[in-house]
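Enquirer: Let the hints inform the model, and build the full structure from the sequences given.
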Amino acid sequence: MTIKRLFPLRLVAVVWTALALFLSFVAAEPALADPIAVQRASLQADGSGWSIDARFEFDLNSSLEDAVNKGVPLYFTTDFNLSRPRWYWFDEEPVNVSQSIRLSFQPLTREYRVSTGGLQLGFGSLSEALDVIKHVTSWHVIDRNQVKPGETYIASVRMQLDIALMPKPFQIDAVNNRDWSLSSDWKRFNFTAAERAK
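All letters in the sequence shown, in the order written, are residues -33 to -1, 1 to 165 by mature numbering (1 follows the signal peptide of the UniProt record, and there is no 0).
Everything labelled a hint here was simulated from the structure, so no lab data went into it. Some clues are possibly wrong.
[Said to hold, decoys possible] Cut-off 30 Å, straight-line C-alpha distance, at most; resulting in silico cross-link-like pairs (DSS-like, lysine-lysine):
no. : residue 1 : residue 2
1   : Lys154    : Lys115
2   : Lys37     : Lys115
3   : Lys101    : Lys135
4   : Lys101    : Lys154
5   : Lys135    : Lys37
Expert: What follows is the structure, given as structure tokens:
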């Protein structure tokens, strides 16, 4: 067999070997974190406007669970937006608000804590703490004077792991780590402002 005939065979063997190595490397890569799913979202009239009730579903991957158990606090931010399309100008956005919930672990008491605003709750297990975070309830998002009665708006809600609220050293690592990417898509639904919120 001549050198000219051996060269193409060796080239094919090298290409196949490189392809096999690449595919095994890709298969060994950790999968992206499962996204947060918005199971349901609705607006309920309250005394001075409307509150949102939303249910999210997600699990913490092993990296995030390990971080919490080592004392790194995680922040989950829920964003709510209300908009109304206008053909002659930019969309009207009377409401654009956010709220953050802090999840932490206290090694001395072996307790998981969920904090938002001035409220703090303690739980014996991570799953119990996450159940509270996953259910946003009675969050006042719309004042009566922010909307026009009879007008239809587009309400949007989402939740994400907010690495911007973490301590600075962890922010740098989290930006480059896919395990720290956890967020939902925007859940959109129509909302018509009633004549009067009851």
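Enquirer: Looking back at the numbered hints, which does the structure fail to meet, lowest number first?
Expert: Of the numbered hints given earlier, the structure breaks just one, which is hint 2.
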